[in-house]
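Chains as they are written, first to last, in the numbering used here: chain A, 157 to 400; chain B, 3 to 394.
Just so you know, these hints were derived from the structure itself, not from any lab. Ideal Cβ positions, reconstructed from N, Cα and C, are used throughout, including at glycine. Zero decoy hints are in this set.
Label pairs and their calculated CB-CB ranges: (1) I18/B - R328/A: 33 to 41 Å; (2) I18/B - S383/A: 54 to 62 Å; (3) G312/B - T161/A: 45 to 53 Å.
Next come the chains, spelled out residue by residue.
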Amino acid sequence: MIAVTNLFKSFGQVKAVNGVSFEARDGEITGLLGPNGAGKTTTLRMLYSLLPPDRGEIRIDGLDPTRDAMEIKRTLGVVPDSRGLYSRLTARENIKYYGELHGMSKKAIRERIETLTQTLDMGDFIDRRTEGFSQGQRVKVAIARAMVHKPQTVLMDEPSNGLDVMSTRALRDYIRNLSAEGHSVVLSTHIMQEVAALCDHIVIIAKGEVAADGTAQELLERSGCDSLEDAFVQLIGSEEGLLA
Amino acid sequence: MRGLTTVFNKEVRENIRDRRALFNSLLLGPLLFPLLFVGMMWFLESAEKERAEKTLDLPVIGAQYAPSLIRFLEQQGTVIQPEPDDPEELVRSQEVPVVLRILPEYPEKWSEGLPAPVEVISDPSRQESNAPIRKIKALLYGYGQQIGSLRLQLRGVAPQLASPIMIRDVDLSTPKSRAILAVIFLPYVLMITAFTGATHLAMDTTAGEKERKSLEPLLINPVPRWQIMTGKMLTTMVFAMASLALTLVSFRIVLPYMPVGAFGMDLTLGLATLLKILLVISPVAILAAALLTLLAAFAKSYREAQSYMGLVILIPMIPSLIFMANPIKAESWMMNIPLFSQNLLIGEIIRDESVALGWYGMSIASTLVIGLILAAMAATLYNRPKLIFSGS
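Here chain A stands alone, though its shape is the one from the complex (with noise of 0.2 Å):
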């Protein structure tokens, strides 16, 4: 469970983030979609605790990342923007750092790798090195080494980008089950259907401000559109930056 109000976070002169407040639930899949540049990414960097925000709370199961960033960090479930893995490392050592980092035991490390490589169908590379891997396979390595220590707050930054139709499905997949045990699970895009497809809640963020915040039905309904794509471009107030 995650709450966050009136969050402000500028760089110099830029507003990267300008008033944002929001809910995302447990078992549910809360969306933050936005033009490229809306102040997703700083967003959630601010949740995981990476940049503190200039004015504003967030609380993640009660704890606050500014003071308890040990402690989240330990709830948090983590696929930020940049994936980059250890390419002279397999996959499993990959996934095995972080594990270790996370101070889990050598057995239920490898326990905990083996289930994550049957629902993330990784069988084929987890004992390759990580160079040359396709996108595909980064994304699920990077999926896996976020969700190693079984977090209960799963955040993710644009995770389908550079995905093939195949392996958006299985990631899609992926997600739902993980909000139906009960995880709460934030992600950031600005691809539309991403959102129609999976999101139970969305926030449509623009030039750092909460522009709607609904269910999809809810955001039709208040914009009087048909489509969805009609109701983001009218709530955002322009169709400059959004991928169909």
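The hints should help you fit chain B onto chain A, whose structure is shown.
Using the frame of chain A, we list chain B on its own:
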């Protein structure tokens, strides 16, 4: 500390698989420098020998004015060449190192008992002509002395009266203390090895991680950043240390193949000497790792880091250059200066002088303190959010 050891283990494993890291840290320094050293020695010695044994071809202008001088030169093994058209040009174009010109007034002055003029035409700024110049001047001087003595004897004067002072050389240097080249060269090589051994690792674990976009996900793990940074620095130190140890071992293996008696050198690195040197130089590895990591972490990109490294490699050269230009006697206060003190100490160790324990302590402590300050700076630098996003 769990995070620290995890990071350390992972970096070691990853970099052992990296051919470039292995090449730079464990092969380049340990192989290149000792071979370079021995090669240089062979080259110097053979060049010296060749020059010493070579007969001197000497073009002479005006040989007819001084037949007895010419005979003397020929007796001493000089091959007299015919008079060239343009002697100055011949020397300038480096065809011959030296030309002798006997001036027309030579016979006249000679018979009057006045100094008879000869000219030695040469370009002493050319290294290779120094030996022939020295040789011809020594011959001329010797001839002059000989004739001078004869003239004095003819006038009934003892020639000894003209040599009021006799100089005798009493050489107290031992073969070891004569190993002057090694004394300058070995600390220089080791100092540079400490830096080259650390460079690749320092860049790969910080700037490289940023470039590959694996830094941000790494920092989301519940491990304090100073532990992550320290783990990385430790890896760099271990590689630099390994590089140093291998270089020393490699020197030990290579030294017996040195040209025999080159420069009167008797340099064998015993195990105790090796360990002493390693003890003295180890803090430099820590200093280098900390300094290079600090710079590489500060750089916005791998390229920027590389450009810093090019400059930093000059730092370990400074003390050696100072010593080459101006050899000084080791004193206590100098032991507080990192790099400088190691240079002096290794010199003393090679020369087999006994070194006060306090000097070891001062050198190690002062270098470690500065290394740890730099390390602490690097570790806190990782706490700045800006560090992660710059360059991405």
